[in-house]
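Here are the chains, one letter per residue:
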Amino acid sequence: MIPFTYERATDANDAAKAASQPGARFIAGGTNLLDLMKLEIEKPAHLVDITRLPLREVEITNGAVRIGSQVPNSELAAHPLIRERYPVLSRALLAGASGQLRNKASTGGNLLQRTRCYYFYDTSKACNKREPGSGCAALQGFNRIHAILGASDSCIAVHPSDMAVALTALEASIETVLPDGSTRTLPIGELYRLPGDTPHIETNLRPGELITAVVLPAPPAGNQTYRKVRDRASYAFALVSVAAIVRVEAGRVRDARIALGGVAHKPWRALDAENALRGKPASMESFVNAAQAALAPAKSHGGNDFKIPLAQRVLTRTLADVAGTEAAA
Amino acid sequence: MTNRSPISPAINPVEENRQGTIGKALDRVDGALKVTGRAKYSYEYRGVKDTTYGFIVGATIGKGRISAIDTSRALAAPRVLAVLTYQNAPKQAPLHPREPGANRYDRSEPFLFSADVRYFGEPVALVVAETFEAARHAAGLVSVRYVSDEQAQFDLRANQSRAYKPKGVNAGMKTDTSEGDFDAAFGSAPVKIDVSYYLPYEHNMPMEPHAAQAVWEDDRLTVYSGQQISATAQSTLAKTLQIPVENVRVVTPFVGGGFGSKVPVHAQAVLAALGAKAVRRPVKVAQTRPQMFANTNHRPECLQRMRLGASKDGILTAIAHDVWTQTTPFDEFIEQTAAFSRVLYAAPNRLHRHWGVILDLPTSDIMRAPGEEPGSVAQECAMDELAVALDMDPIELRIKNEPQDDPETHLPFSSRSLVECYREGAQRFGWSNRPKRPGTLRDGRWLVGYGAASAMFPTLMRPSAASVRLSADGTAVVQTDMTDIGTGSYTVLTQVAAESLGLPANKVTVQLGDTRLPKSAGSGGSFGAASSGSAVLLACEDARSRIAQLVANDRRSPLAGADVNTIALRDGSVVAGEKSESLQAVLSRLAPSGIEGKGEHEGAEKQPKYSSHVFGAQFAEVGVDIDTGEIRVRRMLGVFGSGRILNAKTARSQLIGGMIMGIGAGLTEESVVDLRDGSYVNHDLAEYHVPVNADTPRIEAICLDEKEPYANPLGIKGLGEVGIVGVAAALANAVYNATGVRVREFPITLDKVLGGLPEATAT
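Chains X and A, in that order, are what the protein sequence lines are. Numbered by numbering that gives the first Met the number 0, the letters in the first sequence go through residues 0 to 328 in order. Numbered by numbering that gives the first Met the number 0, the letters in the second sequence go through residues 0 to 762 in order.
Treat the hints as calculated values from the structure; they're not laboratory data. Just so it is clear, CB atoms sit at the ideal spot from N, CA and C, and this is done for glycine as well. Wrong hints could be hidden among the right ones.
Cross-link-like lysine to aspartate or glutamate pairs, in silico, EDC-like; alpha carbons within 20 Å at most [said to hold, decoys possible]:
{"id": "1", "chain 1": "X", "residue 1": "Lys37", "chain 2": "A", "residue 2": "Glu132"}
{"id": "2", "chain 1": "X", "residue 1": "Lys37", "chain 2": "A", "residue 2": "Glu129"}
{"id": "3", "chain 1": "A", "residue 1": "Lys751", "chain 2": "X", "residue 2": "Asp304"}
{"id": "4", "chain 1": "X", "residue 1": "Lys103", "chain 2": "X", "residue 2": "Asp34"}
{"id": "5", "chain 1": "X", "residue 1": "Lys42", "chain 2": "A", "residue 2": "Glu132"}
{"id": "6", "chain 1": "X", "residue 1": "Lys37", "chain 2": "A", "residue 2": "Glu207"}
Pairwise CB distance ranges (calculated) [stated by the list, open to error]:
{"id": "7", "chain 1": "X", "residue 1": "Asp10", "chain 2": "A", "residue 2": "Gly754", "range": "53 to 63 Å"}
{"id": "8", "chain 1": "A", "residue 1": "Asn432", "chain 2": "X", "residue 2": "Arg55", "range": "46 to 56 Å"}
{"id": "9", "chain 1": "X", "residue 1": "His199", "chain 2": "A", "residue 2": "Asp115", "range": "34 to 44 Å"}
{"id": "10", "chain 1": "X", "residue 1": "Ser282", "chain 2": "A", "residue 2": "Val34", "range": "53 to 63 Å"}
{"id": "11", "chain 1": "A", "residue 1": "Arg444", "chain 2": "X", "residue 2": "Glu189", "range": "30 to 40 Å"}
{"id": "12", "chain 1": "X", "residue 1": "Asp196", "chain 2": "A", "residue 2": "Gly754", "range": "27 to 37 Å"}
{"id": "13", "chain 1": "A", "residue 1": "Val691", "chain 2": "X", "residue 2": "Arg55", "range": "21 to 31 Å"}
{"id": "14", "chain 1": "A", "residue 1": "Gly754", "chain 2": "X", "residue 2": "Pro219", "range": "32 to 42 Å"}
If the Cβ cut is set under 8 Å, some of the chain A residues that face chain X in the computed set are [what the hints assert, rightly or not]:
{"id": "15", "residue": "Glu132"}
{"id": "16", "residue": "Gly139"}
{"id": "17", "residue": "Pro690"}
{"id": "18", "residue": "Ala759"}
Next comes chain A alone, as it looks inside the complex:
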């Protein structure tokens, strides 16, 4: 093997996996804390005296200006301490520039800073009271008068002609890329597909609502807030409040889901800090579920046009993927939706382009697999449509167009098992039973169909640090400001450390989610495990190397004089060849106060030599009720080429969690904008339909035995997001296979297939 990752340690115990801790289906180490209610979430801290409660008042116009605010009734209400508005809020830094810099999550995020209203539901006041109930009641007593901007725009389609070309798109990707001559190739292609798809706004909606508690001690601020990346939350708060970054501490040891929405700092954290400053007491602020629709993340609405040109035997000659996506006048977020088609299939002539459409709505932002999820819908539904046009099996069509290298960068893939995923999945799923003609497979009153689609997500690694302290009693404590947003970070980092230190997992404690700990990349972009896990591996290697030095130089040790590079930590002992000494004995004698190891790396190479992604194949079987058009998923299978698996259980949970969220994207989730005022109409979980248990059938996720030699020293691929990718397309393709109805507007609800079903009298 050549060109190992630049941060590879001298000894890689994860690769050796002598103990077998790596890959084991270890139960979540924080599981007991969570199911017994002892895991403390940000709103639950009671350690602080005199806590008060803030409640947000949201704007009730879509765009315009506050002409008058009367807070007198609210201030006169019992137990109310303060009402903050733009007129009296503590000073903050100006709003960040519209175009994102290198890191869109590390920037000022002020609230209550202007009389302007940018979007429906934007905070216009914060009421602080001694109880939550008093604050909420008084919030209703704040009277705000507005002047509405009649020119406000809320409709994507109506504004598509006014689209503009952004300088770049999310994740630092290029707005447009091209190769060859698409127009000529598409013009002369014997078989063509030219189709457009509409995808709605979707909201992340983690179960733990966005909540924060802020405590000032002199000029030092502690914020308990559910965040995915501790360090950027700290930096954002410092920038917004214009205080030194070292004066801000963010505490976020447990996070009840994020899906991207807890990467940014949202209103509750900033307002809690402002409120606490104003009343000189700690303040808790939680967003209500309806408030979360306006004031946390959501995926933007988009229109996608997909053109595919192919030879008669199904070789793609031309691919064009054009995307129009919602963005705002005050913050540019352009989801990298056309990035998916840049990586999937070979074709000599290609075009991948994005446009932004500015609407007066809350800013869109990252949601699980930003870019890849919506992009996979257009690419993978269009592939299915092309297969129909070619009268070819859609999986065979995809396999025929498997590229030799990354179609965009022409770098070799570090590993890519898409074809194997399809072959294995087709066999397990019984793909050969798929009806060749749509609408021909019946089960009682159900029309049954099969669909498949590809999944892909980049394999990334970001700079991270960690430390480990080994005590003389043979236990270890790992520290990093990494977060566990339900993904299993505590557990997989425990496994990495245990294997690296030669200890049982129950001797290792992992501490996360506090900016006082070594800085990590946090949770996002599916880079969490690779980034923080590599740092933990390096910290353990540092500890091993220190211990090796000690024993090699200690005449009393049986390992005296051994080559430090061959001295390993195994089974609670320090080992070199046949010689060994117990770790506890070594530490008691040579380092009674313990050994600390530190690990830090700079992330993946800036100029990568390989293209690294996780690929997968999604399979779905749906039933469509022949009378009502109700669509129910009958079973799903995802097969992934995912490198080494750190924990079979948490990996599976990540993948099936993503697949379930994909059911939402395909069939149920849509945040409807009222085009008259820019509000979200169905802004609660009764009417914003996420899949419930009854919608979630037998789902299997399989990880192929794949070796990833380059992306990171652990040989892993992040699995937090890839599970959602391709699911909506697989479901859409299955609905077509079941009914012959091709729905290009998502989510696929029963009203969209009803017109294409047989007459009600059909038997």
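The shape of chain X in the complex, shown without the other chains:
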């Protein structure tokens, strides 16, 4: 670990200002950042501790729910508002990490956690995300957990968050404060970037920009679910996950929101699948077609070939489950 300076912020504006200086980083739960600092993958010169900022409320206003960025994952998952109105989010949170980590991890930090690509974590290996221009060791290496959608020749890493997949299906937006004191709101779809040839730039946040809240619009009508497929029953990142919200009326799919995790550099909104499903009978054939549409552009790299059929299968089944329950009700 490289020596660094530390300050504890008491005000969001001041925090953003402090973090806009070169080499500064925010720290909240530290569940990812500390590991990365020990490995000298993250080398901040200055840490701005934002855990004491008054950003720990979950409030409802005009049907929308505003989640302070410092709300711990475990509190959020257990919050009655979330459990009742956004079960997909509660399930996604509980599918992630372990009880101890969820107690420490914050909402904002969860959004900004970095990939779990083995090669990103190993400073002896080439990684364009860690060291731009050095290459991608995963491309020809062991890439069982890597991306099948939206990847590039520079980077095939995946985003590890479960929570962000649910937020993508819920069309959440992100509220921030900038170093100049101004604020802005980004749809979650605009928070993340695909790797392209700049995989080291993972979000569209500006230097010092601080996430203060995540806002959930009123829940869309329909059933919600989150399904995570992984190599062991707990404490493993998703090989593939699905967040789905499906509304069935009179045997037809009126609306669908689908996001996939574990398949891309960001939570992957499966718009093609949603379009393929909308207006169609709530039948197995429609679900198969939707899953095929979602995976049509998929490309694998050897070790992760199985992820394409796996994602198709789990998406098909998740749609059948979530729509079937609605149809029955």
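Let chain X serve as the given structure and place chain A on it in line with the hints.
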């Protein structure tokens, strides 16, 4: 009963078990210390002043040579005291010979002795600083340039054709054995199985990382290091550092798990000693979890070919078990994987062979049930495949082939309850509910299957010594350099001593893990309890005999004149027939400063008359998600013929611990080698998947009431390893039963069954 063990004492209180201390589910005597954080592990000693911290720098090539090292930036960093490399490290003995001698763990283990890099992650420097953080930071400032050897080989399959025949295999076993004419018998067998299995590298990964602290006082060295065998650690350090063995003290009273990986002395202990010598202050070195992947133990990758020939009614006529296993150019370790099939089933024509495949990787070494665990996968999956070919129940097939004596040595078994284990287990598990055809039992979206497999591990006993001191206040202190690696040694030795001395368990204190104490075999090979327990039994017998002499010769004692061989220690008293006198009274009068008993034995007979093993039957029920292929264990049962049980609780813990580790071997654990540079890709516990609580279902372990008359005077069988054996095979067989997909590449992850599952649209 004839031919009792040669070290049987005159009176065997363990056998009599008058107090009932033996077998009792006594709580761990060190449990309170552990849960309150007072049990001190090697990295935690703070007693020494001026402690400094070492951090290892590992090589970043798979094989080659260091062409330049620049330590100037590291040395200039704050609080850095020294940077050791091959250029300035204190002198050490040359590296041990490639082929293991009589004891591969008692040999020189130098580090930083050459510019050559043998494997990815090999230590190339040690940074010593005043804080851990400073050392770790400066480690990143050491700049090393390498010339890579482009001929380096990392791929087992690609090198299988270059395999060689080693002189012997691990645990002193023969490389190849045979009987009859396998080729002819297999050629003419009406039913044949010829299948190959692949098993990956697996890492032991105990929770306590490998850590050590070294303190020099003049030319005397004390090393606090988590070790399984105190005495060989002491000897290895003495040989490596070229100092007299009596100048080295190893302290290891608490060890946070080992699974074999703390039998050898690893880099942290040697480097701590070198660092401490260089800076003339104590040095602590802990390996990080990623460093442990290159620099501690792991099980080698292997390919196994299994051929079984049988008659149409399921009588085995031919067994061939061929194994190709990874080893290295600088250290030969050949896991005795074909040894499992030498002991399990009768067949007149047999072939059991090993080959080594030299790869430029860190040396493989022992991991829980070396040989038996991987060997059981091939043998026991192949038996299941044969049962399918015969359309026979796989348990009935095994029972049909139960041997009359040890198929390899033709010695009689001292005890063997495999058939009873299967019968009892089948009944308890509900084996009759197993679907006869694969893929036919459903529970919602889960395909459900049952599997079974045999477990076996040798019952060994190694030379050990112990002492016991009885004080006039009626308490006793037992001493031996035996270790407790989480197994329960403190507790079972307390029970042996308490029963033998006629004292309550809370009057006995056991001291372990220090080379100043009488030398034992330590923890390894499941021989710990038998070896050290027998020594404690003998020490207590020696104490009893001394006390008996005293009272028999003391006119003031009511036992005066009694036959010393009939005088026993019971319920806090010295007893002969109807006569008795309290132990405290005897000692206060006749031995106010206490009585010391010593016990020592030479281990099991060199030419055994019996074949001694623990056998067991493993049962597993798995669910396979019909959509995703996710495999989850629903329940497991292990039934073992395990001789006398010293402690019902620690025995069960050992067995279910092994069974859980077997879930890892079957379903989750694999250390993936990057074939481009020989590094382990998934080198942390986030991506090297050991089973977590959620993967661990209802697990039961049952010990049958079995008598073991010969293997050791305690009548016990070591249970540290047998629990893992057969689990991976039982799980694989259950996955087949659930899905009809036969996976021969381990671990069985969902991608390997996905292609064989019904269409996604299936209801």
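Hint check:
no.: 1; hint: X/Lys37 x A/Glu132; in the structure: 9 Å, holds
no.: 2; hint: X/Lys37 x A/Glu129; in the structure: 18 Å, holds
no.: 3; hint: A/Lys751 x X/Asp304; in the structure: 11 Å, holds
no.: 4; hint: X/Lys103 x X/Asp34; in the structure: 14 Å, holds
no.: 5; hint: X/Lys42 x A/Glu132; in the structure: 14 Å, holds
no.: 6; hint: X/Lys37 x A/Glu207; in the structure: 19 Å, holds
no.: 7; hint: X/Asp10 x A/Gly754: 53 to 63 Å; in the structure: 57 Å, holds
no.: 8; hint: A/Asn432 x X/Arg55: 46 to 56 Å; in the structure: 52 Å, holds
no.: 9; hint: X/His199 x A/Asp115: 34 to 44 Å; in the structure: 36 Å, holds
no.: 10; hint: X/Ser282 x A/Val34: 53 to 63 Å; in the structure: 56 Å, holds
no.: 11; hint: A/Arg444 x X/Glu189: 30 to 40 Å; in the structure: 36 Å, holds
no.: 12; hint: X/Asp196 x A/Gly754: 27 to 37 Å; in the structure: 35 Å, holds
no.: 13; hint: A/Val691 x X/Arg55: 21 to 31 Å; in the structure: 29 Å, holds
no.: 14; hint: A/Gly754 x X/Pro219: 32 to 42 Å; in the structure: 36 Å, holds
no.: 15; hint: Glu132; in the structure: 6 Å, holds
no.: 16; hint: Gly139; in the structure: 5 Å, holds
no.: 17; hint: Pro690; in the structure: 7 Å, holds
no.: 18; hint: Ala759; in the structure: 4 Å, holds
Going through the hint list in order, the structure satisfies each hint without exception.
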